[in-house]
Structure formats: C-alpha cells, structure tokens
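Peer 1: Chain A is fixed; fit chain B onto it per the hints.
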Amino acid sequence: MTEALTEERTAASEAAKTDRSIVGFFCRECAYAAADATGNARISLPTTIRSVLVPCTGRVGPLHLLSALSEGADGVYIAGCLEGQCHYREGNFHALDRVEFVQSLLESVGVERERVRMFTMSAADSPRFVAAAREMHETISSLPPLKRK
Amino acid sequence: MPLTARGEAIFERLPGAAPRASTGAIGCQIVRHEELCIGCGRCASACPTGATSKGDLFDPMQLYSAPPESRRGALGASLRAIAKHKPSGPIEVPERVSAFRTIVFDASRCIGCGACARACPTGAAEALPVPAEEIATAGASG
Chain A
1 MTEALTEERT
11 AASEAAKTDR
21 SIVGFFCREC
31 AYAAADATGN
41 ARISLPTTIR
51 SVLVPCTGRV
61 GPLHLLSALS
71 EGADGVYIAG
81 CLEGQCHYRE
91 GNFHALDRVE
101 FVQSLLESVG
111 VERERVRMFT
121 MSAADSPRFV
131 AAAREMHETI
141 SSLPPLKRK
Chain B
1 MPLTARGEAI
11 FERLPGAAPR
21 ASTGAIGCQI
31 VRHEELCIGC
41 GRCASACPTG
51 ATSKGDLFDP
61 MQLYSAPPES
71 RRGALGASLR
81 AIAKHKPSGP
91 IEVPERVSAF
101 RTIVFDASRC
111 IGCGACARAC
121 PTGAAEALPV
131 PAEEIATAGA
141 SG
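Protein chains in written order, with the numbering used here: chain A, 1 to 149; chain B, 1 to 142.
Simulated from the structure, these hints should not be mistaken for laboratory data.
Capping the alpha-carbon separation at 30 Å, the derived lysine-lysine pairs in DSS-like fashion look like this:
1. K84(B) - K147(A)
2. K54(B) - K86(B)
3. K149(A) - K84(B)
4. K147(A) - K86(B)
5. K149(A) - K86(B)
6. K54(B) - K84(B)
Only chain B is shown next, with the shape it has when bound in the complex:
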C-alpha cells in the first residue's frame, strides 16, 4: 500500500529523511496482542503510514477465541455447533465484508506514532515508550 499524503509528510520530517522501523524517530514501539483484537479496523483508519491495515484474509479461529458475549463470539458459537473439525486455516474475505478481516501489521512502515494504540478500544495495539537514550540519538542525528 502506498503511503498517504500525511504519511509522506511525516516521513519527510524524520531525521535522516528515511523510513524507520518500530523503534524509529517518532517514538514508541508498537506491540500487537492478537488475542485481544476484535478486528474493528480503527487502528487501520488511524494509521498515517499504512503500516497497520485490514488484510484480505480472515482466520476463523479468531471467532472461537472471541469473548462469548461479543458478536464474533456468537458467530463462533454457531460455527462450533455445526463444525465437523477445527477451522482449516485462514479464508479469503470477499470485498464487501469489512468486519471480518485479520489486521496486518508491517513493522517496516511503522513510525511509532502510537495513533493505533490511541484508537484501539481493547488494548490490542499497545505503544511502548522508546528508551531515553534512543531519543537522545535521534535528536543528535536530526
């Protein structure tokens, strides 16, 4: 996925003007807890660089592990009731189905802005603060 205009603008302002990995110049390291993810996609909408996006695949196992009171959990319970065996793996999701997609995280595009963590309602995307010495190095090079 190409960068959005906002993403390009942010990259240009980075020290060294080069894309950085998760521990890069803006700050945080993003850690994803997939078991908490409900696939709402708010992180993908919030991400300025396209590092977090909604994928083309969905793993039915996510329905089984969802909390039973959630909509995904209800779907999982129904599926479990008629299933002959465990889900055989990720399935392709048709274009207009947006609620059931596994979130894809590309660390090489991440600038560590933490927008996904702020947008996440369940804490599945967590932004860890960057160590002080890295901030010092980033300041020195920029």
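In isolation and in its complexed conformation, chain A is listed as follows:
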C-alpha cells in the first residue's frame, strides 16, 4: 500500500514536469482492477496519465469530459468493461455514446476528436490497460497542446 502510494507520488511529480496531461476515468470493476494489477506487477505507465476512479463508466457525462479539457487536460479517456460485461448492465454503452457525442461536439468547434477516447478491457487484462494508456499518451503527445481562452 505504502509502495503504491510512493509510486503514485513519484509518478505525479514526474507528470508535473511534462507539458501534457491526460485524465483517465476508470471503472471500478474492470479498468481500475487492471490498473491495480499493473501497479502490483510494477509496470510503469506514461507519467502524463492522471486517474480518476468511478463506480461505473456510465457515471461519466459530457460535462466530466469537457470540463477536464477546459480545466487543463490535453486529452481525456474512459476505460471500462468489455461490451456486454458491464456490472451495471449497460453503463459502458452509455459512456461510449457520450464519448461519441463529445467527439462530435469537439469536431464542430475545430478541436481534434482524438482528444477523447473510450477503451474497454477486462479486470485481468493489465497488458491491454497499459497499451491503452500508452496509445493515449502517443496520440496526445503527437497533437499540439490544447489552447484555452
């Protein structure tokens, strides 16, 4: 537990040094368990990622995604359960549609739609969790920093 905390703090201070930041909303049942497994296996993640635990990805609305972007994040992603395996039946489908909605909103005001993404994974699939985090990191690093007014 203390090890995990120290690691989290080191990661946070390193993230402060890099110029991009990505917010990830992780479902408690799947993605967060996968994140936990990743931490236990001591696999390092891109330091740009900041994680937010949610009970279900169905909790995440357009306002969470957009306010993260307007308050300082360069990218946002949701990681939830595999299709049809949501513990609350269809929370991840709701999340997926909201992500699509926010992507269209961003596109209509001239912001790259790749800044918002959705990934799905099972609780045991920590390699997929790492791959998603790295993919998101690559995408956001290749885009210019998000300009705000």
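Peer 2: Structure of chain B alone, referenced to chain A:
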C-alpha cells in the same frame, strides 16, 4: 413517426375526422420559443400525436445560449473555453444520449391540445387560445 393509439383515438373524434393544423379543432395554437427550450423532452413525452418529438440532431449553439447556471450552460462554458471557432452546425446525436437533442415540432400533426405547454417547465412551448369564431366554425362542422 406513426400516431400513438391515443393520438388515433383523438383524431377519430375530430370534426370531419381529418388531421388539422395548429389552429385545428381541439383548440390552441402552439408557439415554440426555442431560446427558452432546455431540451428536457417533457413536451415530447406529453404529446399524444407525435407532433412534438426529440430529434436526431443537436445544435451546439444551444449550449452557448443556455443560462450559465444550468448544466447546459456549464457545458457551453467548457466548450467555449477550448473552441477554435463557433460551432459549425447541428451534430448527429448517438442513440443513448437523450439529454442533448433539439426538439422537432411538426405543425401538421398538431391538434392543439396544449399538453406540451402544460408539461413545459420553462414556457418554451406556449399554447395560445383559439379565436372564438374558429370555435364556432368547428362546432358547426362537427
């Protein structure tokens, strides 16, 4: 959208048994004030004929014009902060997103019952009473 069973029943009872426009037999003329609409969809649920329904499109400009203390207003403020230009036009809304849809009003299906105006929390749907002479004509033909 086909008529609901309740809508069919209402149409059958109309004088002349034909669908009427907004100033038709039941009564009121419905006027919509889009700038007041918060897209809650209560009018669409209340409408017996499907004249008022939730559309498949959403205009992001509605987020900009919403009151700042509302959820739509907060979303608009966030969007405005990162926007490179004004919204380029209506966007398609995915199936499971129900809160952000522009309400579509089809006057040819409206029977002027005023259910939408009673259901509307903001006064965006307004029912104007029909003039007395039209009521007299409707009574005479029926």
